[in-house]
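Novice: What follows is each chain in one-letter form.
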Amino acid sequence: MTERVLLEAKGLEIRFGGVVAAQDINIQIHEGHNLAIIGPNGAGKTTFLNICTGYLKPHKGKVFFDGKDVTRLQPRHLVRRGVARAFQIPQLFTEHSVLENLLIAGAAQSRRWSPFRPLHQIPERKAMLHLLDMVKCSHIADRPVSELPEGQRKLVDIAIALALKPKLLFMDEPTSGVASSEKFEVLDIIAEALTEAKVTSVFVEHDMGIVDRFADEVAVWNRGEVLFRGPPDDVLNHPDVIRDVIGEEV
Amino acid sequence: MQFNLRTVVPSLIVLAVAVLPLLAPTTQVLLTLALSKGLAVLGVIVLLQAGQVSFGHALFFGVSAYAAAFVGKGFGGGELFSMLAIGVVASLAISVVVGLFVVRYRHIFFGMLNLAVSMIFFSLLEKFYHVTGGSDGLSVARPLFLGIEMEREGFEMVLFYLVLVLALGAAWLTHRFLNSPIGNMMRTIKTNEVRLEYLGVSARNTLLVGYIVSAGLCGLGGALAAVAQGVVTPEYAWWIRSGEFVFIAILGGSGSVGGAFVGSLLYEAVRTYASAFAGDVWQMILGIVLLFVILFAPSGITGLFARLTGRKASPASEEAGQ
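Going down the list, the protein sequences come from chains D and H. Heads up: the first sequence begins at 1 in this note's numbering, then just goes up one per residue. Heads up: the second sequence begins at 1001 in this note's numbering, then just goes up one per residue.
FYI, nobody ran anything at the bench for these hints, they're computed from the structure.
Partial pick of chain H residues on the chain D-facing surface, computed with a CB cut under 7 Å:
id	residue
1	R1176
2	F1177
3	N1179
4	S1180
5	P1181
6	T1188
7	T1191
8	N1192
9	R1195
10	Y1198
11	G1200
12	V1201
13	S1202
In this text, a Cβ means the ideal position worked out from N, Cα and C, and glycines have one as well.
Go ahead and model the full structure; you've got the sequences and the hints to work with.
Specialist: Here is the structure:
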């Protein structure tokens, strides 16, 4: 059975002055997978995420989502089509509590914005509380996000993205900044939430332990190009990947 | 105890304002103007929630005041509610046109562009003498109230209580608006506009909604002030007036709707009585008051009250105050 292609990049190219950040990128992302993007610093991994989520426009090439050309769409239009994003540095509303962050996302998704219905009474409240439960943050619902440790900020950021009911979620280093002792715990919570929400994911990651544990496919980026793609066992044990990206065996 | 204070003190202030003209009739016009101005300040506070300061919101105060004056002039005195309605509609219409342009900008550029547009309007009022009366302005004849022609004293009394009811209603509706999803989204423009866009929401459109709401409030205040004063002059749209609105917002506290009216009442009282008893130094007194507010109560009088009664002042108001 052929797997459905959710997102496809064709011939993407972008340069920042003389630096080539993407050069003839051709890649398909299939529904139901968790694709990890690895590569050295400056390989163009985040640039690819930025293009696919509408933050950057490529100089050449196109991005198709659900078969439709979305290359020139603004981030907010991509979100409405089902592409969400979680950030390397969690992007939260720092004057609001954890629950309020989710409620704002829930209201944005439903697009029911009665100007006189209090935020805390929107119909999506129950679903948002469930989302908080999914990412194990129910106990901090009323805390201001500005007071949270990095691990919880990451989880809230991902919960916000899931509140948008995406088909595809891009995550930029989902465990960066999280204490080593908590990384796997945070990752397992994210993985469980994504499975429950039935969301396809693409994530950039430097930690090969995380990649090995979470990804079912790995793509290796270098100098703006996709060098390899395949199952984690094959890619992470490839001698060229070990030499150029990992530096040691996982 | 704290809960009671927070409920009782605002209620007592409203009651005192409602009763004061009965005990001291000379305060009636002062209170009417202070509350009218408070409505305009409320509009400025709406924008402060998004972290944007407008130094040109007197534009909408002036547009509405002149629209009300034209209605009065064109219909031999006019009817109070139609003057108010047309004044507000005029300010809303202008706010859509100006707003579509200025919401593309943030911070100092947003503030200065608003100032520029308001000064263009001010110049037009000055130059088109045959239409606007130039620097002399236009007189606003006492309008009918629900079709009834009233004597001056009776009309001023009715107008005062109408302004009080409208101020309370506007404060309640604005409070509801700011606590709604769209009001909260507007607040996120200050903290994380990027995330707002990544929620599928246009930050510009969200700010435009807030801008139109704020202009409507300024417009209502302007039309009421025009009727209360009986004359409109270009000074309604002058930049000093815009600065005054920002000053009052900081003085009263930009974190709550009550701050607009508390600040406005205090400001008008200080201005009136200080200019009467200390004519040469009243502006210095106001300056010193503002200095103290910024240094010791950056969240304004309402923020200070909240702190004293144990409630944490909102970071929004602290930041806006700074």
